[in-house]
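Protein chains: 2
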Amino acid sequence: MAREGEVVVTGNGKPEGTHNPTNGSLCGFDSLHRLLQASLSPQVFQEVSRVLIGLNCGKALQGISLPDPAKELSSRHDFDLQAFCFLADKELLREPRIVRVGLIQNSIALPTTAPFQDQKRSIFQKLKPIIEAAGASGVNILCLQEAWTMPFAFCTREKRWCEFAEPVDGESTQFLQNFARKYNMVIVSPILERDVKHGETMWNTAVIIGNHGNIIGKHRKNHIPRVGDFNESTYYMEGNTGHPVFETAFGRIAINVCYGRHHPLNWLAFGLNGAEIVFNPSATVGELSEPMWPIEARNAAIANSYFVGSINRVGTEIFPNPFTSGDGKPQHADFGHFYGSSHFSAPDASCTPSLSRHKDGLMISDMDLNLCRQLKDKWGFRMTARYEMYAEMLAHYVKPDFEPQVISDPLLHKNPS
Amino acid sequence: MAREGEVVVTGNGKPEGTHNPTNGSLCGFDSLHRLLQASLSPQVFQEVSRVLIGLNCGKALQGISLPDPAKELSSRHDFDLQAFCFLADKELLREPRIVRVGLIQNSIALPTTAPFQDQKRSIFQKLKPIIEAAGASGVNILCLQEAWTMPFAFCTREKRWCEFAEPVDGESTQFLQNFARKYNMVIVSPILERDVKHGETMWNTAVIIGNHGNIIGKHRKNHIPRVGDFNESTYYMEGNTGHPVFETAFGRIAINVCYGRHHPLNWLAFGLNGAEIVFNPSATVGELSEPMWPIEARNAAIANSYFVGSINRVGTEIFPNPFTSGDGKPQHADFGHFYGSSHFSAPDASCTPSLSRHKDGLMISDMDLNLCRQLKDKWGFRMTARYEMYAEMLAHYVKPDFEPQVISDPLLHKNPS
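Line by line, the protein sequences give chains A and B. For what it's worth, my numbering labels the leading residue of the first sequence as 843, then goes sequentially. For what it's worth, my numbering labels the leading residue of the second sequence as 843, then goes sequentially.
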């Protein structure tokens, strides 16, 4: 599968979709990139890639060679492993600032009927070799998926799943702190947070663990969905932590949790606070959002001149009690297919291929953070943005008596002559 | 070329790129959609389309059948003609509000060395059959490309091209007013404006002509580029018309001119003022922006629950006097290839294929404007957007003494243990 300048390191690189069509459709295809690579001539594939994944100006997306222990872990534990490198120009006054960043996507490990402690611990066990592979690969900053310690049970509206919630310094944080220390690695851990100090309040929170195993801070999801089976507003409210950027040993990072990716202002605010990498740990299903998935993260990376790491969980989770979806259709017990497809987007409009739509996976990318400022210098989006005008516009808009700026055709109700 | 549920009406539908590779590359390919359609099996093409152009949930993009006179004009004058239909759900309390919208892309007609009046008039003549085809097709709202009366001479920095500037009620507006009356058609006309009343000031302006031939108003480009050869800031300043939405006989429209598409706040402001269709008349070249082109407009349509019509001019324009590009390379006389690729994006994340990368073209789409509110009701982006927080954030950001919200790892300068 490997082409020059584009080494895809993978546990099982076969483009499943092209060989295993099910029920006359290709819904089972593994990744768009692999599907196109297997189906197109090299020449056509190259041109399609130029437009689709932004490999313009004759640049090729480069693969990186990972150490054998990482590849062995991927092979033994059957998770997708891919690694790429975003290039930046050499500068005369600054050294390159290359960091290696990892994204983990995974399915849950036990049926949702298993005892909660077993469910949680078995996810820990399942993630262990993937985190080890990241550590063995020299990953500097690693991000896990949204609410990674649990099934995404918010579709059910049952409050018993709240038991999975943990304080910021709880069991899952302690589990990851060990890896952070062992591998000198910053780890972003998105969990369901139980805020004991504020009366057992729930939040959807990302805990930022420093490379010495210390807790640097937390960020709480800013925008909560009310769409499809995403009944998250039943469980937690809009976050109260603003748009913090965490200055880590390896760069300035921020976290835009899941549904926040639909809000350009959320992306913008992290950018205004100086983020160089914004992670978007998510849980989203094919029927609802798959065509948006490759668009929103890349747009944010372009508009804000930073890198984006997008993560989506994998698989179909079946719950004990059926529930309805507010669409008049019969009750059912699953949320739909979480389609994985984790990937990186860069400020120069390029992006990596995506991880599998079906399998657990680790996506690694080297990125020279100097690229962020290089793109700001080139395109000048911050400078040309006229924020004063928009600050005023929004202040006006939020007033209850706001009147939109509308110019009506005075001949609106005249018949055509 | 036609498939069921996807009729591409075209003057010359042959996927040029697959048959005419030049210099070992496919830079000459006609459109990504046609390239993929010609290269992939129908089954794979369908699945790729599902993810790439957002035809999710089993929906197929439907073609519409155009009257023979339109097809004959396309054939005789050799311009690309495509027509599609975006579907919306039937509602119980509102009738469908289906409008037919058209986008025109074109190259200039004479060498840039020809007398200016001849250049302008020959573009008028060239556009005539394309506008007639739109009229014959029953188009309700038609938008032309940015600065359509002239070559995109802003790369040169020569002030003599200012002679192409016209007042809002000038020659080009009069030319289009006749078609607006004849076809009961709203026409958006982006020109280089000469504002005589304000001391011969230049603006990059869209004139909105009502379906009775009246001038409804104008909008001036809000964001001016300083990138590559886009030396537009030499010619005109940031617009002073805010973010007007024009209430026309066929729907509420707004115009985001060219570089404004890189600014999510610009898209947002038109949305907050109630736009249902936002046009993005542009002039942009392959080396600079082609991988961004399919991303930004679709993201705006998704985030703001409105339709977007994207237009880019076509061809390579060669100027009399060579100029340099601020990249250290030798002087040259052209701007690069304007890659056309005009298309529509819808609020449900779907989009049409694009017009040719090389040929003049008319893209037509029927759209039920009810889809905008349907998507707002479904996704609730406006309701969940927390604009108060961002109004405050921006008011804070624009102060010269703004301090970003940064949380630093206190162990930042400790060596790994």
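Worth double-checking, as some hints may not be accurate.
Identical copies go unnamed one by one, so any copy, or any two together, can satisfy a pair.
[Stated by the list, open to error] Taking lysine-lysine pairs in the DSS-like style, the calculated list, with each CA pair at most 27 Å apart, reads:
hint, residue 1, residue 2
1, Lys-1241, Lys-1220
2, Lys-1039, Lys-1241
3, Lys-1024, Lys-970
4, Lys-932, Lys-970
5, Lys-1024, Lys-913
6, Lys-932, Lys-1220
7, Lys-1039, Lys-970
8, Lys-1218, Lys-932
Derived from the structure by calculation, the hints contain no laboratory data.
Verification of the hints:
1. Lys-1241 - Lys-1220: So Lys-1241 and Lys-1220 pass the 27 Å test across copies only (24 Å; inside, 37 Å).
2. Lys-1039 - Lys-1241: neither (34 Å within a copy, 35 Å between copies)
3. Lys-1024 - Lys-970: within (13 Å within a copy, 71 Å between copies)
4. Lys-932 - Lys-970: neither (37 Å within a copy, 50 Å between copies)
5. Lys-1024 - Lys-913: Cα proximity of Lys-1024 and Lys-913: one copy only (19 Å, versus 68 Å across).
6. Lys-932 - Lys-1220: For Lys-932 and Lys-1220, the Cα distance is within 27 Å only inside one copy (14 Å; across copies 47 Å).
7. Lys-1039 - Lys-970: neither (31 Å within a copy, 71 Å between copies)
8. Lys-1218 - Lys-932: within (15 Å within a copy, 45 Å between copies)
Hint check: violations occur at hints 2, 4 and 7; the rest are consistent with the structure.
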